[in-house]
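From first to last, the protein sequence lines stand for chains A and B.
Residues 253 to 501, numbered by this note's numbering, are exactly what the first sequence covers, in order.
Residues 12 to 612, numbered by this note's numbering, are exactly what the second sequence covers, in order.
It should be emphasised that the hints constitute simulated quantities derived from the structure, not laboratory data.
Be a bit skeptical, because a hint or two may be false.
Sample of chain B residues facing chain A (criterion: CB under 8 angstroms; computed from the structure) [claimed, not checked]:
hint, residue
1, 53
2, 54
3, 57
4, 62
5, 112
6, 122
7, 155
8, 162
9, 258
10, 260
11, 527
In this text, all values refer to a predicted model and were calculated from it rather than measured experimentally.
All residues carry an ideal CB built from backbone N, CA and C; glycine is no exception.
One letter stands for each residue in the lines below.
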Amino acid sequence: MPIVELKVWRGGDDGEYQTFHVEYDEGEVILDVVHRLQSTQAQDLAVRWNCKAGKCGSCSAEVNGKPSLMCMTRMINFTSGDVIAISPMKTFPLIKDLVTDVAWNYENARKVPHFKPKERDADGKHRMMQIDIERGQEFHQCIECYLCQNVCHVIRDHPENKENFVGPRFFIQMAQVNMHPLESVSQKPDALEGYGLDYCNITKCCTDVCPAGIKITDNAIIPLKERLIDDKFDPLRWLGRKIKIGNSK
Amino acid sequence: MTDFEIEEHEYDVLVIGAGGAGLRAAIESMALGCKTAVVCKSLFGKAHTVMAEGGMAAAMGNVYSEDNWKVHFRDTMRGGKMLNNWRMAQIHAQEAPDRVLELEEYGALFDRTEDGLILQRDFGGHKYARLAHVGDSTGLEMIRTEQQKAASLGVKVFAECTINRLILDKESNSISGAIGYWREKGNLILFKAKSIILATGGLGKMYAITSNSWEGTGDGHAMAMMAGAEMVDMEFVQFHPTGMVWPPSVKGILVTEGVRGDGGTLRNSTQERFMFNYIPEMFAAETASSEEEADAWYDDHNLGRRTPDLLPRDEVARAINSEVKAGRGSPHGGVFLDIATRRSSEYIQKRLPSMYHQFMQLAGVDITSEPMEVGPTCHYAMGGIKVDAETEASSVSGLFAAGEVAGGLHGANRLGGNSLSDLVVFGRRAGKGAAEFAKGKNEFSTIDKEFIDTTINNMMKPFENEGGQNPYAIHKELQDSMQSLAGIIRTEDELIQMLNKIGELKEKMKTVSVDGNRWFNPGWHLALDLEFMIANAECLVRAAIERKESRGGHTRDDYPNTSPELSKVNFILKQIDDEIQVEAKPLDEMPEELKQLFEDN
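Using the sequences and the hints, build the whole thing.
Put into structure tokens, the structure is as follows:
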């Protein structure tokens, strides 16, 4: 078997890169090599993983600086003699080795508006046309790997923004609720305010790294920004809000 | 009392496991007003449910109006070779449609029919197109939907927290809590609970070729047994017929049955559609006998009988195994699964987007223009904790179980699509059962201090055993031996060899040692999970030795036929004084009106 040189971050904030030489097979992915390293040379190497098929979003890391899922990064893309550096995601507090504290994401998951459906049809069923749900289905493909959050410079370079900005993953979730054909309540004028949509300046870094191929910026963030602006500045809606006649449903 | 600091919590209902069943249970328990927490080994939302692809079986009748719960019930029982708990199969078939609509109510976006209803797809062993689905990522849809619902209700989640033992109150002989550790720092945590729901999923990680993630170590199975619960049908493990076989890194990763449901067919190296040679008598009357008939059936189920590609999974897995053994396999030791020559590229990418990407990115195979290579992979445990069909109560007071960790619904073989529906039908019932039990209890039961000390000592031992056995090496030894000695095809000789092997592994476990400290240490986590895997392997092998026949997921080369005697019993396993005992128990008698369903055709 050929051998690859891995530089892997070990330890917490005060840790360092350690160099390992590990056997690999061309048909493998980085995660396989990390597992081999773990079982033969570094038993206590901390790494998250579950499905090994790009469906659960657990094994996010930065491979040679590129935010990636380790289970979807194939060794065939490297040549013998290459050095591969594997680091934890930078935007989140480091726990140990390749594992970071992603709790901030779960807090945001509780913060964003939740779905409430309108009433069912008389026969107890809901009717929706395929064409109307496809936009939402795209957002439902999110595997919560948080690579989009990791790469977003609003928080990557300015951690202080985390308080006022939920990040691309949760803009998708807001869009998913907002554009759901059965949605009944969360489309009030202020429903999109307070999540930091205006911080995003549409550099599309999130879209570039999304392993599920979701067009985060084009299909979620830009339409939400437009709705937010519409709601805020439409004179009729403004008047309606002033004299309190219903909402923008 | 030990010197270790222990963080303590009190909940009315504690749910262990955050997959489809655990989350549905927690939602129910919260709704009934119980203080509820969920504990899970991975991050929240990463449970194995996320890997489920094809769909969720429910006789909604949206595609074939002839479908109803009775047909679904009959399919489930026949698929399980009639060993199923009939009452669970009945409840499951009756309640699944409501649970699908409920997920929609929570926000799930299932694919639609032309008139806007939930679309249903064909799957193995189901007479009608019955699986509600979202492309080929239905499990992701289920878990995310439930996760968001649970978040909106404020369910407390303890993520990356592993439970190591259930605690019994000796006096009342009922559950009083659970003890475990935070994976991040290795700190200890103790839950007092009035009732506990196990929803820990499967145990497939004891095999080398498996679709299960690192979590599938059967913790719930083993912990329940250690607490004295009865286990049922442990010999039955499902080998899914279509796992990836190449490249090596993806060996065992699931290829959805939806590929065949949507028109794909299995071929051997001579391009023959070999499944026509493997139609068992039990299914002959309803299975197509020619390729023309099978293909017509895809267009309209009234124009022919169903394709043998969609026989129940046990039949298809055995057939693939036989073809490979006979030298008619594919280059990498599987068979071919071809949808490229049978459906348009557009259709394939629309219906099976995640299969398309999985093969493209991991194997460099374009499934719209070339066949996939597939072979059997350990996928699902039919057996598990024996529960009451109505409430999911186990034989231990205060302990409930739902989802894969519970046994009974699927009998000797599970039909595809019946797992996702199982999770929510019985997750909800377990939530209700456990909540009602908790409400009937004014106080928390006593925590056995001595037991806590023993458990903690046991957990810390791998750090004290310096220079002992490497947990990764023991795990590999278990996986390789289970794969070769207790896999798809079994014999008495090999099962006894495996039992001896388990004895050796137990000895090795006494000196298992890990490097480093308790700070996020996967070597330590594995060392603790290994105890569960070995206990489950022993259960499986002991039951497999007793079942001297071939049925469903259990195939004995030395007893190739079904036995009329053994068709009347389940094997119940129970741990008594550290010994696992096996006992045959007669099946519950099915009421006349249900028996009738099997006589009509």
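Hints versus structure:
With its C-beta approaching chain A no nearer than about 6 angstroms, residue 53 (chain B) sits inside the 8 angstroms limit, and its interface hint holds. Using the Cβ-Cβ criterion of 8 angstroms, the hint placing residue 54 (chain B) at the interface with chain A is satisfied: the shortest such distance is roughly 7 angstroms. Given hint, residue 57 (chain B) at the interface with chain A, holds; its Cβ is 5 angstroms from that chain's nearest Cβ, closer than 8 angstroms. Taking 8 angstroms as the C-beta contact cut-off toward chain A, the hint placing residue 62 (chain B) at the interface holds, the least distance being around 5 angstroms.
Taken as an interface hint, residue 112 (chain B) checks out: its beta carbon lies about 7 angstroms from the nearest beta carbon of chain A, inside 8 angstroms. Taken as an interface hint, residue 122 (chain B) checks out: its beta carbon lies about 7 angstroms from the nearest beta carbon of chain A, inside 8 angstroms. About 7 angstroms separates the beta-carbon of residue 155 (chain B) from the nearest beta-carbon of chain A, less than 8 angstroms, and the hint is met. The beta carbon of residue 162 (chain B) comes within 5 angstroms of a beta carbon in chain A, closer than 8 angstroms, and the hint placing it at the interface holds.
With a least beta-carbon distance of about 3 angstroms to chain A, the hint placing residue 258 (chain B) at the interface is held under the 8 angstroms criterion. Restraint check, residue 260 (chain B) versus chain A: the minimum CB separation of about 4 angstroms is within 8 angstroms; hint holds. Contact between residue 527 (chain B) and chain A, as hinted, is supported at the beta carbon level, the nearest pair being about 3 angstroms apart and thus within 8 angstroms.
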